Every structure is written in structure tokens, then in C-alpha cells.
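Each chain, written out:
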Amino acid sequence: MKLFSRFKPQGGVHPDGRKDLSADRPIRILPMPEQLFVCLQQHVGAPASPVVQVGDRVLKGQLIAAGQGNISAPVHAPTSGRVVAVGDYPAPHPSGLPMPTITLVPDGEDCWAELDVPADPYELAPEAIAERVAAAGIVGLGGAAFPSAVKLNISRKTGVQTLIINGGECEPYLTCDDRIMRERAAEIVSGIRLIQRAVGCREALVGIEDNKPEAIAAMREAAKGSAVQVIAVPAMYPMGWDKQMTRALIGKEVPAGGRSSDIGVLVHNVATAYAVHEAVVLGRPLIARLVTVSGAAVKIPCNLEVPLGAPAQALFDYCGGYAEVPARMVMGGPMMGHEMPNPNIPVVKGTSGVLALTHKEIGQPVPSPCIRCSTCVRACPVGLLPLEMAAQIRVGDLAASVDIGLKDCIACGSCSYVCPAHIPLVHYFNYAKGELAAKERAKLKQEGTRKLAEARTERMERIAREREEAARQRAARKAAQEAAKKAAAEAAAAAQQESTPA
Amino acid sequence: MLIAVASLTTLGLLLGLFLGVAARRLAVEGNPLVEEIQAILPGSQCGQCGFPGCAGAAEALASGSAPVTLCPPGGRDVVAALAAKLGVEVDMSGVKDSGPTVAEVREELCIGCTRCFKVCPTDAILGAAKHIHNVFREACTACGKCVDACPTEAILLRPVPVTLQSWYWEKPEERLAA
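Top to bottom, those sequences are chains A and B.
Under numbering that gives the first Met the number 0, read the first sequence as residues 0 to 501, first letter to last.
Under numbering that gives the first Met the number 0, read the second sequence as residues 0 to 177, first letter to last.
By construction, these hints were calculated from the structure, which means they are not laboratory data.
Just so you know, these numbers come straight off a predicted model, no measurement behind them.
Possibly wrong hints are sitting among the right ones.
Take a look, some chain B residues computed to stay more than 12 Å from chain A by CB distance [claimed, not checked]: (1) Leu13; (2) Ala21; (3) Gln44; (4) Gly63; (5) Cys109; (6) Val161.
Capping the alpha-carbon separation at 25 Å, the derived lysine-lysine pairs in BS3-like fashion look like this [said to hold, decoys possible]: (7) A/Lys442 / A/Lys432; (8) A/Lys432 / B/Lys170; (9) B/Lys84 / A/Lys438; (10) A/Lys444 / B/Lys170; (11) A/Lys251 / A/Lys406; (12) B/Lys117 / A/Lys450; (13) A/Lys359 / A/Lys406; (14) B/Lys117 / B/Lys129; (15) B/Lys129 / A/Lys438; (16) B/Lys170 / A/Lys450; (17) A/Lys444 / B/Lys117; (18) A/Lys406 / A/Lys7; (19) A/Lys444 / A/Lys406; (20) A/Lys406 / B/Lys170; (21) A/Lys444 / B/Lys84; (22) A/Lys450 / A/Lys438; (23) B/Lys170 / A/Lys442; (24) A/Lys432 / A/Lys406; (25) A/Lys432 / A/Lys444; (26) A/Lys156 / A/Lys251; (27) A/Lys359 / A/Lys298; (28) A/Lys406 / A/Lys438; (29) A/Lys442 / B/Lys129; (30) A/Lys251 / A/Lys7.
Beta carbons: idealized from backbone N, C-alpha and C, even for Gly.
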């Protein structure tokens, strides 16, 4: 049995973890807020489309928005109550732009809808497990929020040898995965068994960073007697990146631009495995998740089980409010999370933490010129050249930055973190990726409008041609008629002449 | 002597025949540059450049009789692409580019005269006589023909609204420590 991983991770940094703020706080359940703002796009892919109307009474776990298309996820009511609005609300997104959202006023009864509980969940067909995962609206809870059922179906078709369960949780401050592994290890192992059955793979590895000894012990205890192996991996950032975890556990590297399934690996987060257990064994859709509330500006940092759609402010209030005025509010971890434009932004499926940080914690140093020290090159877990890419983007040569791997950048922030000149490297990469996507969209639009213009030109020419043709025919008919009339007149005249005796 | 003359004559005839056949079989129709330039241009045939459609503009560009800055709806991107294709230096400071725009009908001013959608090169305007017209944003190239055609100034070119799908980070400011 492997206890420690033998493979060395690439790149990475070692930021101050600050996990001690909340790691020893047991999971508590957030009291139901006054209003829930349930976003319709809490996942990668097409937004869900609402199936309830304003004024409808819904039960806990009832479907309120159905998934659309191949890559999407349905959304369920986090509690029983009344729908008071179906409209736009500021999204959990750095722009703070509005997103379609269902606003729900809880009735306080927390009354479950009828749940479909299978007799023996571990005997379900693999397809049936994936179907239940899809119907429960489960997405990757590590933060990527990719619909889990899509991953299960792809993996079942392509064949997967190894299931990797990601318990890395490398982002500083966050401790919700640590707590779920300590307190709900048996359920996670049950979820892992179900995922194994759904994709038909025998090997299951749980990778946990070695800075969480309690979680490792709890998971080893729960995994006893099953095929699940728990392996400690070195603590570093970004160990929780799925490809880094794969490299650390089995020593294989996913090709650039490829997926984990290309090397026979499927990666899921521990919280996702827990959600799969809840969905398949208990029939409960994904309507709540664990969220770490932390940061030096929070009075009592803790780990909360939060109904989806709860505004971040409700979480801070429950944690005793602010110890001091926060300098920045962040949703997600400090490395890859994003600033909240206001504290009323709702929690979504991908929210692993909400942080209220002080001035001392964020620090906003002024950038100075690059000294080409290449610290960022050593820190990059993908093996890119952040300094070169940023320099090319700065002068507007986006194509050159793509040539040296911009598309492979995972925006983990390691380079920005270590840069002694404080250059906002990841900001450059995010800007460039957005600009390239916008160019791509513009190109698609241009192709579409070009086709429209061609169709119109063709139509105009056809109409003109038909008109000409019609005019010609009319003229011909008229000429024929006139000729006939003339002939008739001549004939009549001739007849008259004949009948009149000379 | 006779052998040399005969062999050279045969060689000349054969090679001449080969060249003649090759000229027919491998003939290049038209100027490929014109087609490549046409692929860069927006293709909406709006005529704002003063040429009869994008094909005319592409021919003028290929022959060098028109500046690469001729296409107003294309903006800076098209100017840069044309300059790269034709290998010319261009002063971008004179190129107006207010970012992508689309036409918008002000409903309170629209009288339903149907003049705008008769001139729209991409059929992006929907409407009928004495009914308020509207613009399909996805099909509009912001060529501005409808703006000129509207008798009540009810059509404006507005910046494309930013949505969650189209938003992205701005370029970082270059704010260096002294």
C-alpha cells in the first residue's frame, strides 16, 4: 500500500496557508437567510432555464430550473418557500454584471419534496448512477463547476483505469474540504464507490496534502476494507489543480490541450464525491455546500453548510460580523478567487469560501519593471514562461504569447505571487485570453453576417431577374394580344368590305 | 551534326509542349490576393469605402490604389490585418475605432416607414409598414446604412452591451514605481 506519493510535482509555490484560522472549527449549519438568490448558471455550459413562475410555492429539493443542452446542470430549490422573482441579480463574477436568478423567500418549514431513493444504490447500473448525478445538478465542487455527469459519461465511454479523488485543497484559508474529510469520510468513500461503479474502474486514489493529518487519518479509517487508497502528497500550491494531482499520484502528465481522460484518469473533488453519495444513496439534489468563511477581518472564522443562493453577507453576519472594516471581499480562495463587487453576492455551487481580508493581508505593492529573474518560470506548474508571455501581451502581440503556451495557462496565480517586481502577470494572461475569445466571437459573427449579405445579394438579383422576366412576358402577352386584336380588326374590316357590294 | 540538331529540336519541341500543357492545366484564375483580401473585409457590401461592395474594395486594395484604412466598419483590427497582408506601414492614430457597435431603433421615433430594412445589407432589421422596426444584434455589422436612410433619426449606433458572456478583464495599466 502506498502511503506517500513518489512523484515530484512541477513548479508551484508555498504561500502562507492561514488554514489555522478555521481548520479546527467543526461544520455548522447556516440558519436559513431571509431570501435566497439562486443563480441559473452555477456551472460551466448553458444556463438552466426556469420551470417555476413568480408566486409558485416550491418544496426543498424541487426542480426550479432545468438544464439546457449537452453541457448544463439543473438547479433545485434549497428550501421550501415561495418564488418572489425570476429575473436578474448581480452574479458571483468579478464583473458583478447581472445574471438570471430565481429569488426565493423561505417559509421556515424546510419541507422536502418527495425523494426518489433507490433500494440498493450500489447495485444500480452505471448509466443509472450517471443519470441520477445529472438530475441532482452535481457539478465539480472544487471550483471549476463542470457538470459531473458529463465527465462520468465521457469516462465510461473512453474507459478509465484510475479514479483520482482530489483532497488537495491547496488554496490558502480554505478548510471546507479538510472538514468534510474529517467529519464525513464514510459518505465520501461511499460516493467514491458509486463513481467507480459509474465509470467501471477498479483503482481509486485519494490525494490529500500532508498538512492535513487529521483528514488523512479519518479518510484512511473510512477507506479500510475498500479498494480506495489514501495517499499523502506534499503540500504546495497548486496541488489541487487536477493535472498536478495526477502527476503527483501516478507520475503521468496530461498532454497540452488534452483532458485527464486521455491518459485514462478521471479526477473528482472530495466534496463532489460527497454530493454523489447524497444524490444517489439519499436521493437529495445538490442544494447546499460547505463554505469556509475566513480572513482576518472576520470575527469568528468557521466552516458552514450553506444553502445555495445565500448572500455572502448572511455568512459573515453568522460568523459574528467583521472584526474590522474589510479591505477586500473575495469569493473563492485568495489565489484564484475573485473580488466580490458587493457582499450581497449569492453563494453558488462552485463557491468554496468567502473571505474578508484586511489591508495587511492583501497588500497592494506598485509594480516595477521586470528584471528577468525567472522566478516566475520556476513557479509555473505548467512549465510556461510567464515573463515572456506578459511582455508580449504588454506590447499587444497576443499571437506570440499563444505560440509559447498562453492557452495552457491555468491562471493559478503562482507567477504573480512570487514576482519580486509585483507585475500583475495573471492579470495580463486573463486579459489576453478574454481578448482572444472576443476576437474569435467577432470572427464567427463576421462569417455569419457575410453569409447573410451574400444571401441578400443573391435574393436581390433573383428578384430583379424575375421582375425582368415578368416584364418581358407581359410585353410578349400584350404584343400577342395586340396582334390578335389587329388581326381580328383586319378580318372584320375585310368581312365588311366583302359584305358591302362594290 | 545532324544528330545534335535533331536531338535539340526534339528536346525543344517536347519542352515547349510540356510548358504549353502546364500553362493550360495549372492556370491561375484571377489574382489570389484579391480573394485573400476579400476574406479579411467584413463582407457586408455596405459601400462606405466608395467602392461597389467588398469585392471592388479588395481589387482596389490589391492594385494599391486604395489605402488600407478604407473600411470604416472593420475598425482597427481590419486595418492591422490588411496592413500585414499587403506589407505596408500604417499610421493607426487616424483610424477611428469606438469598439464594436450595433444599430438600435428608438421605438418612440420609429414611424414604420420600412426604409431602413430595405437598405440593410445583412437583413438585420425586422419590421413591416407602420410597425415599429427592430434590429437583430447578432446580424448587425454596424455599417450605418440604416442610420442614413432613417427619415426620423430613430436609428443610432450604440456600443454593444457587455454581458457576462462577453465581459473580460481590461489590460493592466502600466503603472510602474518610479
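Status of the hints after comparison with the structure:
1. Leu13: The claim stands: leucine 13 of chain B keeps its Cβ more than 12 Å from every Cβ of chain A (closest is about 46 Å).
2. Ala21: 34 Å, holds
3. Gln44: 5 Å, violated
4. Gly63: 24 Å, holds
5. Cys109: The assertion about cysteine 109 of chain B holds, with a minimum of 22 Å to chain A.
6. Val161: 7 Å, violated
7. A/Lys442 / A/Lys432: 15 Å, holds
8. A/Lys432 / B/Lys170: 11 Å, holds
9. B/Lys84 / A/Lys438: 18 Å, holds
10. A/Lys444 / B/Lys170: Within the cut-off at roughly 23 Å; holds.
11. A/Lys251 / A/Lys406: 20 Å, holds
12. B/Lys117 / A/Lys450: 17 Å, holds
13. A/Lys359 / A/Lys406: Answer violated: lysine 359 of chain A to lysine 406 of chain A is near 33 Å, above 25 Å.
14. B/Lys117 / B/Lys129: 14 Å, holds
15. B/Lys129 / A/Lys438: 38 Å, violated
16. B/Lys170 / A/Lys450: 33 Å, violated
17. A/Lys444 / B/Lys117: 21 Å, holds
18. A/Lys406 / A/Lys7: 24 Å, holds
19. A/Lys444 / A/Lys406: Roughly 22 Å between the alpha carbons, so the hint for lysine 444 of chain A and lysine 406 of chain A holds.
20. A/Lys406 / B/Lys170: 17 Å, holds
21. A/Lys444 / B/Lys84: Roughly 21 Å separates the two Cα atoms, so the pair holds.
22. A/Lys450 / A/Lys438: This hinted pair holds, its Cα atoms lying about 18 Å apart.
23. B/Lys170 / A/Lys442: Satisfied, since the Cα-Cα distance of roughly 21 Å is no more than 25 Å.
24. A/Lys432 / A/Lys406: 7 Å, holds
25. A/Lys432 / A/Lys444: With Cα atoms ~18 Å apart, lysine 432 of chain A and lysine 444 of chain A stay inside 25 Å; holds.
26. A/Lys156 / A/Lys251: 21 Å, holds
27. A/Lys359 / A/Lys298: Roughly 16 Å between the alpha carbons, so the hint for lysine 359 of chain A and lysine 298 of chain A holds.
28. A/Lys406 / A/Lys438: At roughly 15 Å apart (the allowed maximum being 25 Å), lysine 438 of chain A and lysine 406 of chain A satisfy the hint.
29. A/Lys442 / B/Lys129: 35 Å, violated
30. A/Lys251 / A/Lys7: 11 Å, holds
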